Amino acid sequence: RLFHHAAFWLLLALGHRPLLLSLPSTLLEPFLRAGPPAAHTVELWGRFVLPSAADALADADAFFALAPSESVRHAVEALVCSDLLPCLLLKREQYVRAATAFAELAMRSPRAAEAG
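In terms of mature numbering (1 follows the signal peptide of the UniProt record, and there is no 0), the sequence shown is residues -22 to -1, 1 to 94.
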């Protein structure tokens, strides 16, 4: 599961939405449905997606000294505000579930705009 989540975060952070949606993983739908994780988890993944993370992993202090990548912030926004889940369901030919997910997204969007 950890490997899959790492791949999902990396693809989201790099903006590879079509590739993410083409993955056959059964863990992708629950990942998208769960929404964004806690802030400390986002920061952790934000460090993992950095090119310098591989070198820093040898030393925990060096790894945690890295500033999280800004691209992960965009990945979190994609989880919250995008149509990733409905598009995944549509791609997997789960039409009724996709329509329901699109409707839920449409209902959520006006409320999010009013709150902001």
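If you're looking for bench data, these hints aren't it; they were derived computationally from the structure.
Since the structure is predicted, the reported quantities are computational estimates derived from the model, not experimental observations.
Note that the Cβ used here is the ideal one computed from N, Cα and C, for glycine as well.
Misleading hints may appear alongside valid ones.
[Said to hold, decoys possible] Distance windows between CB atoms, simulated: (1) M85 x P29: 32 to 42 Å; (2) A38 x S3: 33 to 43 Å; (3) A38 x F80: 36 to 46 Å; (4) R86 x A36: 38 to 48 Å; (5) L83 x L5: 15 to 25 Å; (6) D37 x E71: 25 to 35 Å.
Verdict for M85, P29 (Cβ pair) under range 32 to 42 Å: For P29 against M85, whose Cβ atoms are near 39 Å apart, the range 32 to 42 Å holds.
L83 versus L5 beta-carbon gap, inside 15 to 25 Å or not: Hint holds: Cβ distance 21 Å, inside 15 to 25 Å.
Range hint compliance [Cβ, R86 to A36, 38 to 48 Å]: Holds, since R86 and A36 (Cβ atoms, about 43 Å apart) stay within the stated range.
Whether the CB-CB distance between A38 and F80 falls inside 36 to 46 Å: This hint holds: roughly 43 Å between Cβ atoms.
CB-CB spacing for E71 and D37 relative to the 25 to 35 Å hint: 47 Å, violated
Distance restraint evaluation - A38, S3, Cβ atoms, bounds 33 to 43 Å: 29 Å, violated
When the structure is compared with the earlier hints, violations turn up for hints 2 and 6 and for no others.
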